[in-house]
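Each chain, written out:
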Amino acid sequence: MSNWTKACNADDVDSEDVIPVAIDGHDYAVYRSPADDYFATDGLCTHEAFLLTDGLIMDNIIECPKHNGRFDYTTGEGQGAPICENLRTYPVKVEGGSVYIDLG
Amino acid sequence: MAATDSVERIVLVGAGECAARVARVLREQGFTGEIAMIGDEPHAPYERPPLSKAALVDDEISQVEVLSATRLAELGVELIAGTAVESLDRDRRLAVLSDREEVTYDRLLLATGARARTLPIAGGEFALTLRTIDDARALRSRLGPGRSVVVIGAGLIGLEVAASASQLGCDVAVLEAAPRALGRALPAEMADVLVKRHADEGVEVLCGVVPTDITRLGGRFAVGVGGFDKPITADVVIAGVGATPNVELAQASGLTCENGIAVDDRLRTDDPVIFAAGDCCSFPHPLYGGRRIRLESWRNAHDQAEVAAANMLGGDEQHSAVPWFWSDQYDFGLQHAGLADEAALSVVRDGGDGSQIRFALAPDGRLVAASGVGPGISTAKDIRLAEMLIAAGSRPDAETLADPSVSLKRLIKL
Ligand SMILES: Cc1cc2nc3c(=O)[nH]c(=O)nc-3n(C[C@H](O)[C@H](O)[C@H](O)COP(=O)(O)OP(=O)(O)OC[C@H]3O[C@@H](n4cnc5c(N)ncnc54)[C@H](O)[C@@H]3O)c2cc1C
Ligand code: FES
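Same order as they appear, the protein sequences are chains W and U.
Take the first sequence: its position 36, counting from 1, is numbered 33 in our numbering, and each next residue is one higher.
In our numbering, each number is its position in the second sequence, counted from 1, plus 21.
Check before you lean on any hint, since a few could be wrong.
[As the list claims (entries may be wrong)] Below, computed lysine-lysine pairings styled on DSS-like, alpha-carbon distance capped at 30 Å:
1) U/LYS74 <-> W/LYS90
2) U/LYS402 <-> W/LYS90
3) W/LYS3 <-> U/LYS402
Honestly, the hints are just simulated from the structure, not real lab data.
My request is simple: use the sequences and hints to build the entire structure.
In structure tokens, the structure reads:
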């Protein structure tokens, strides 16, 4: 079942950047790629539950600010130590200047 | 000289952070031979950093596993826990274990880590030390509201334990023999920020104070201090006075040791089939003029694991990662990249929220180190960018570094 929920405005996120979004007490991260595609993942690192959105973005990688664990934010895949568990990703659509994520 | 024979069996000595990472990388790189991991602690590999921080503040210390027994089994790694490697027969490529069993190897990794130094004073054995999860559990059971704690040594672990004990309601004092806290790890101004944070919590850090002896007084302890009329009494005494690399096995096997097991920039010992990585080894660092250093840091254990794994499988990778570590004390985070000792110029960037970053520039203008401290994680992104600038040998403009309105990302892109 899909459950499309508005996360933010499309222009709240700069190109090549990420913002934190809290919905019902859950932290999400919404990304905008250099090609202006949008992506969404869980907002907390799978290592020690730090907020990822203070981390650095390089290409399609978000790096956790705490111990530099890395994820591909387009797939959620962890990129080596200390990450053992992938990051959950969510489908995203942009309509009428708003970003919606499917919380499923 | 690299060995070129075929590799079917790899033995990892030590089941800590570094060995665990090596096991994972070996499989990621497609190694299908046997891997045996031999560790003298009766545990699967676990993370040490939480032991002085978040885990110590919990009622019960939980183990953050690096690789659980299940995961090790999935990876096809044989964990022999609670067993030490006692000697090596390098001619026959045999490791002899404490239970007399013999294990053969084509390549061997020494990832034996380091152990907490004990206090070399009379009664030094009364001071608890912290290296393992069992140490942490023993320490935790003695901490609690109203208990008085003396921490000897204002290094990173001493200060982290002091912060955690204070958060548990203990009454904490820290004694440091050197003129200032964190002398080995950080610039003075950074150390001051943390010492002030401790003072705000009522934790006094007394520097230039040399403990002379510890005596037991019933259930309590008296710490004699040079120049003080009276000893300081406490319910718990903890020593955070550094760590000693575990080199005895290497030494007894005739491998060169020099402030750690000496390896080259490929992490090879003088025996081409034996490698060493993590806290136990000293290595020449190409970013710092090939100077031989030894690091005790979690990231270094990971970074060296990648290189050692690749090279055990016949690769020729150089270890050149920028040294990096972090610390957490109360709500303050600290991150440090690089080595500052060749620095000529220090530049400060004020974060405005009580956080600051100090950059260290070498006489030729190269950025050689950066440390950030402050509430939360506010400086993390900049320290990461600084790390990239250090790795690239950049010579950033000092004014730009000092200007908080200019993103360091711009310097990377220039
Ligand atoms: C309390 C604490 C807090 C820390 N906090 C931080 C931090 O905030 N940031 C940071 O960057 N770093 C931190 N560190 C450092 C970090 O944990 C180490 O750098 C890291 O664990 C090194 O990994 P290693 O595998 O080289 O050694 P270790 O993790 O020490 O593992 C080595 C293992 O080998 C075993 N061993 C030794 N000899 C033998 C033998 N002959 N046979 C079998 N087994 C043997 C040892 O018992 C040990 O289990 C901290 C360390 C401690 C103790
Ligand atoms: S919390 Fe993200 S890497 Fe540790």
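The hints, checked one at a time:
no. : hint                 : result
1   : U/LYS74 <-> W/LYS90  : violated, 41 Å
2   : U/LYS402 <-> W/LYS90 : holds, 29 Å
3   : W/LYS3 <-> U/LYS402  : holds, 28 Å
This entry does not satisfy hint 1, going by the numbered hints stated previously; all others are met.
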